[in-house]
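Turn these sequences into a full structure, and let the hints guide you.
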Amino acid sequence: MAAGRYFGGSELVNFGFTGATGSAGNSQQVQITHLDAVTGAGTHSQYGLLSSIGDRPFVDQTASHLVTASGSAVFDTHTGITTLTSASKSQAGAVFSDGFIDLKGDFNLGFSFMAGTKDSGGEGLAFVLQNDPLGAHSRGSGGASLGAGGIANGLGIAIDTKQSAGDIKADHTNFFDTDVGTSAGRISPQVSLPNLEDGKWHTAIVSWNAQSETLSYWIDGNAGGTLTGDLANQYFGNSELVHFGFTGATSASTNLQQVKVTDFHGTLLSPVYAADGHIQFDPLAHI
Numbered sequence: 617m618a619a620g621r622y623f624g625g626s627e628l629v630n631f632g633f634t635g636a637t638g639s640a641g642n643s644q645q646v647q648i649t650h651l652d653a654v655t656g657a658g659t660h661s662q663y664g665l666l667s668s669i670g671d672r673p674f675v676d677q678t679a680s681h682l683v684t685a686s687g688s689a690v691f692d693t694h695t696g697i698t699t700l701t702s703a704s705k706s707q708a709g710a711v712f713s714d715g716f717i718d719l720k721g722d723f724n725l726g727f728s729f730m731a732g733t734k735d736s737g738g739e740g741l742a743f744v745l746q747n748d749p750l751g752a753h754s755r756g757s758g759g760a761s762l763g764a765g766g767i768a769n770g771l772g773i774a775i776d777t778k779q780s781a782g783d784i785k786a787d788h789t790n791f792f793d794t795d796v797g798t799s800a801g802r803i804s805p806q807v808s809l810p811n812l813e814d815g816k817w818h819t820a821i822v823s824w825n826a827q828s829e830t831l832s833y834w835i836d837g838n839a840g841g842t843l844t845g846d847l848a849n850q851y852f853g854n855s856e857l858v859h860f861g862f863t864g865a866t867s868a869s870t871n872l873q874q875v876k877v878t879d880f881h882g883t884l885l886s887p888v889y890a891a892d893g894h895i896q897f898d899p900l901a902h903i
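Taken in order, the sequence shown gives residues 617 to 903; the numbers are from my numbering.
What the hints contain is simulated information worked out from the structure, not anything from laboratory work.
Wrong hints could be hidden among the right ones.
Derived EDC-like pairs: lysine to aspartate or glutamate, alpha-carbon spacing no greater than 16 angstroms straight-line [to be verified]: (1) Lys876 <-> Asp836; (2) Lys816 <-> Asp836; (3) Lys720 <-> Glu856; (4) Lys816 <-> Asp735.
For each label pair, taking beta carbons as the anchor points, the in silico distance ranges come out as [to be verified]: (5) Glu829 <-> Leu628: 36 to 42 angstroms; (6) Ser736 <-> Leu628: 41 to 47 angstroms; (7) Thr819 <-> Asn642: 26 to 32 angstroms.
Glycine included, C-beta positions come from ideal geometry on N, C-alpha and C.
Structure (structure tokens):
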């Protein structure tokens with residue numbers, strides 16, 4: 617077998633390219649155009665132009681970046697970590713994909729988040745799907761709105777670490793309509809969570825089943841909520857193309873709040889603007 621003959625007995629290998637010049641130089645370049653294989657943690661992956669997604673920053677061969685950070689948010693291209701807020705007062709930050717998730721197909725997205733170290737701090741963060749006219753540049757209000765309240769045509773998953781009006785006392789999570797806000801726009805029961813402000817990274821998974829029109833999520837392996845229905849019509853301005861991203865906020869109560877995408881399986885589309893103003897969508901990746 618090749619593993620025993622060439623790879624030191626291992627069936628797990630890295631792949632890549634090398635190049636060199638001698639006394640005669642030449643420019644030599646290479647581009648990954650397709651990969652259909654089992655990669656990483658044993659998941660089957662199909663890569664198009666998107667050469668890295670998951671535990672490394674998004675890197676696309678045809679675009680300078682794939683996310684837009686606004687407000688207090690800062691995206692680190694080396695680690696893939698977005699700092700939504702520092703432990704400073706009255707901040708609101710957001711980071712959204714420049715491309716669109718196509719809800720006509722399934723998607724599964726995993727992310728890790730760190731909600732700070734101060735149990736009395738706040739305010740929290742949110743995962744958001746949205747079709748706001750501002751696109752990837754959209755951002756909501758601070759404080760109890762978690763940086764998401766006020767985003768048009770959006771649906772959020774609150775990860776709320778501070779009790780505000782109408783909230784249960786414990787750290788909690790629920791779905792909410794971003795157009796209305798985190799409190800008045802709450803559309804699912806608040807689910808109590810253990811203390812999240814422990815300085816540790818926590819995990820979350822968001823899953824969309826296009827056939828059953830069901831959006832579900834889990835935090836640290838525990839079910840957070842399930843929403844079923846015509847979400848495109850109810851929340852996204854009748855669009856099946858939505859940006860995904862994260863928001864966070866502080867008030868007088870503060871915490872360092874960070875997030876990182878760890879896994880994505882779905883169809884991500886990139887807008888291509890024609891000279892006449894029409895928009896076409898090319899697939900960045902189907903993973």
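So, going through the hints one by one against the coordinates:
no., hint, result
1, Lys876 <-> Asp836, "15 angstroms, holds"
2, Lys816 <-> Asp836, "12 angstroms, holds"
3, Lys720 <-> Glu856, "7 angstroms, holds"
4, Lys816 <-> Asp735, "12 angstroms, holds"
5, Glu829 <-> Leu628: 36 to 42 angstroms, "38 angstroms, holds"
6, Ser736 <-> Leu628: 41 to 47 angstroms, "46 angstroms, holds"
7, Thr819 <-> Asn642: 26 to 32 angstroms, "46 angstroms, violated"
The structure fails to meet hint 7 from the earlier list, while all remaining hints are met.
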